[in-house]
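Please work from the sequences and hints to get the whole structure.
Under mature numbering (1 follows the signal peptide of the UniProt record, and there is no 0), the residues of the sequence shown are numbered -20 to -1, 1 to 307, in order.
If you're looking for bench data, these hints aren't it; they were derived computationally from the structure. As the structure is a prediction and not an experimental result, all values here were calculated from the model. Be a bit skeptical, because a hint or two may be false.
For lysine-lysine, the following DSSO-like pairs were computed, each having C-alpha atoms within a straight-line distance of at most 30 Å [as the list claims (entries may be wrong)]:
{"id": "1", "residue 1": "K248", "residue 2": "K82"}
{"id": "2", "residue 1": "K32", "residue 2": "K199"}
{"id": "3", "residue 1": "K205", "residue 2": "K232"}
{"id": "4", "residue 1": "K151", "residue 2": "K172"}
{"id": "5", "residue 1": "K283", "residue 2": "K32"}
{"id": "6", "residue 1": "K232", "residue 2": "K248"}
{"id": "7", "residue 1": "K87", "residue 2": "K248"}
{"id": "8", "residue 1": "K160", "residue 2": "K205"}
DEER-style ranges, computed between Cβ atoms [said to hold, decoys possible]:
{"id": "9", "residue 1": "K87", "residue 2": "G282", "range": "17 to 27 Å"}
{"id": "10", "residue 1": "S64", "residue 2": "I165", "range": "22 to 32 Å"}
{"id": "11", "residue 1": "S64", "residue 2": "T304", "range": "41 to 51 Å"}
{"id": "12", "residue 1": "I71", "residue 2": "E217", "range": "31 to 41 Å"}
{"id": "13", "residue 1": "K87", "residue 2": "Q297", "range": "32 to 42 Å"}
{"id": "14", "residue 1": "G196", "residue 2": "Q297", "range": "16 to 26 Å"}
{"id": "15", "residue 1": "E37", "residue 2": "Y261", "range": "17 to 27 Å"}
{"id": "16", "residue 1": "K151", "residue 2": "D68", "range": "38 to 48 Å"}
{"id": "17", "residue 1": "R166", "residue 2": "E70", "range": "11 to 21 Å"}
{"id": "18", "residue 1": "N132", "residue 2": "D291", "range": "36 to 46 Å"}
{"id": "19", "residue 1": "T281", "residue 2": "E37", "range": "15 to 25 Å"}
{"id": "20", "residue 1": "Y261", "residue 2": "N290", "range": "39 to 49 Å"}
{"id": "21", "residue 1": "K232", "residue 2": "K283", "range": "17 to 27 Å"}
{"id": "22", "residue 1": "K195", "residue 2": "T77", "range": "35 to 45 Å"}
Quick reminder that beta carbons are idealized off the backbone N, C-alpha and C, glycines included.
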Amino acid sequence: MRTTLKLFLFTFGFTMIAFAQEKTNSPQKIRALIIDGQNNHDQWPKTTFMLKRYFEESELFDVQVERTAFTWKGEEYLTDYTISGTGDSEIVEKPITDPDYKPDFHKYDVVICNFGWNAAPWPEETQKSFEAYINNGGGLVVFHAADNSFPNWQAYNAMIGLGGWGDRTEKDGPYVYYNKKDELIRDMSPGKGGAHGPQHEYHIQIRNTEHPITKGMPKIWLHTKDELYQQLRGPAENMEILATTFASGEFKGSARHEPALMVLNYGKGRIFHTIIGHADYSVQCVGFITTMLRGAEWAATGKVSLPIPNDFPSAEQSKNRDFTAKN
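Structural data, given as structure tokens:
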């Protein structure tokens, strides 16, 4: 009896040790934070909801959302796309600063910014905390209207590299594009930063096929209906353009190859900046989903493990995944 008990205890103890080791050796998920609350793009509550789902379904990220107490625009989507933990918010007619908006950025590996044009400035303490977080190695993803945000915040402009609207002009930096000879131009001539024509499908042309984010993608792929940002301006320092898109004159474009996907460094931090993602139909594009997930993984870790999916767009055909909200 004693021998049997000893054998049982030994076997049980060995099993528990093995289980603990397996749990310890299992990869830790990337801690991601989506920040939002004020954005001229009315669907911002839905796009945050969609992003959270995409990140979690990849099984690589653990995602939280920090929302300002005062929300601007998007009220018709706030009820249908609620996210637990965001707390109560007050809808305001004009953006105002939330003095208590103080996310603990340092708890996360990467921050995804879903603020937009005309968002009210953060408290100075929060700005300084965010600057320190990125400077010390934090990751940042800037998509679509987030490059319209905070035009008077010098450090933020340096982080995003290029931005538009918000009275951005040559005072904020050059207009960066590729000309017809495929030469990278930094144009300091006077002009406003930020423009786009009517929404349409457009091609993304990969400029660096060896970067972890873009490696394995078709060199040219068709993105679904979206706004095509052009004439962006900013410091454009420590920035590499991974992909461009041609702004055709047919759609009131510049007739130039405009930056579409970019990576930057700010101190020790890594930033992924993408111009795409205007509305839910744009965010459903497999190209958007893939570049967002891979860009966030790279910003957080400097590496990319997520594969290019089989349904990735080709040069001839865009690919969407219909999104259905689950309760």
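Which hint numbers doesn't this structure obey?
Failing hints, ascending: 6, 10, 11, 17, 20 and 21.
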